[in-house]
Amino acid sequence: MLPSHGANPHLLFEQLKIPMPANTIDFSENVNFAGLPNAILEKWGSLLPLLEKYPHPNGEPFLSKVAKYHEVETSNVFVGNGAAEIFALLANWWANEKVIIVHPTFSEYEATLTAQNAELVHLEVTNIENWKLPLPRIEAHMKKAKAIYLCTPNNPTGVLPPYEQLQKIVQWGEQYECYVVMDEAFIDWVEGATSWIPSVATHPYLIVVRSMTKMYSLAGIRLGYAIAQCEIIEQLERRASHWHINALAAQIGAYCLDEEEYLNVSIMQAKKQRLAFEQVLLRLGCKMTKSVTNYICFQLPNPEKSRDFYLDLLLKGIVVRHTENYRGLNGEWFRIGIKTQDKMARLEQELTQWIKLNGSL
1 MLPSHGANPH LLFEQLKIPM PANTIDFSEN VNFAGLPNAI LEKWGSLLPL LEKYPHPNGE
61 PFLSKVAKYH EVETSNVFVG NGAAEIFALL ANWWANEKVI IVHPTFSEYE ATLTAQNAEL
121 VHLEVTNIEN WKLPLPRIEA HMKKAKAIYL CTPNNPTGVL PPYEQLQKIV QWGEQYECYV
181 VMDEAFIDWV EGATSWIPSV ATHPYLIVVR SMTKMYSLAG IRLGYAIAQC EIIEQLERRA
241 SHWHINALAA QIGAYCLDEE EYLNVSIMQA KKQRLAFEQV LLRLGCKMTK SVTNYICFQL
301 PNPEKSRDFY LDLLLKGIVV RHTENYRGLN GEWFRIGIKT QDKMARLEQE LTQWIKLNGS
361 L
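The opening position of the sequence shown corresponds to residue 1 in the UniProt record's numbering, with each subsequent residue numbered one higher.
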């Protein structure tokens, strides 16, 4: 199997013992290609004094900003050192319990739960392209499970699961006392998407997890949050280490939630590039999932040559995200994060050339 990776091209080339070409473009990571909001750069000087002070133990001012942004109480918000910390804390809570994961999906759920000896139930959607959740099997397992994880929009496919299907799962969560974790790390990219955050007030088993990494290009400072009823938030707080949110992250996150224009422009630009590249993939005879986010999941016309394609692109300095370690995708699909127009043009050039040389056009 190829090395598991994403957004770490230097390590990938090192593990494969391949020299990393100059000007390598990393399409495996899927954060906002616009970079940091300008407001952060403009305020950088005023942020430096925070380095000399201890941070607020609960992540202020970000905590209050999140509560105001989503119109909930601060007691319904937990600020985490990235969404990854939140998943680790949830896994600690559910150590040795039965937990359902619906695949293909973000690998961090399985990694954190496995570390806590959870009894994992792996279910897969019945159709990658049209995305149909296996509802009868989900309900059957929820009757005896502690929790179920759902990624909406899904990573790595970019598909937004149908609201009606998710609504049934949320209802079953209450009926069978099974916690429903909705990972909304990429929902900021979806125009008109219905978040599950407003439903938290009336659904005691619902937990919504968000990340600041993807939209605001903040991968380096690690910042995310969970919104749920107070009893759940208390469970997370009980397990978190003291001062787990650094002062820079808390202040930068608070500033970012004011950047409405940045958010709207980012959504528009990413959508424009995504729709344009989808036409390229259609012209080349590739299959695609119905992505609504800032990345595309596609399959070659000749999927049996997927590994050759992946390695050949690496030699050209193009890194795409393979799916050999995603259940249900079997290495036959690739995920590409949307980048600037010139970078997407370079990918189009290399992809077209490879498919022509390998007899698919």
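Accuracy of the hints is not assured; some may be wrong.
[What the hints assert, rightly or not] Listed next, the in silico DSS-like pairs over lysine-lysine satisfying Cα-Cα at most 25 Å (straight line): (1) Lys68 / Lys132; (2) Lys316 / Lys343; (3) Lys132 / Lys146; (4) Lys287 / Lys305.
Simulated from the structure, these hints should not be mistaken for laboratory data.
Evaluated hints:
{"no.": "1", "hint": "Lys68 / Lys132", "in the structure": "35 Å, violated"}
{"no.": "2", "hint": "Lys316 / Lys343", "in the structure": "13 Å, holds"}
{"no.": "3", "hint": "Lys132 / Lys146", "in the structure": "23 Å, holds"}
{"no.": "4", "hint": "Lys287 / Lys305", "in the structure": "14 Å, holds"}
Of the hints listed earlier, the one the structure fails to meet is number 1.
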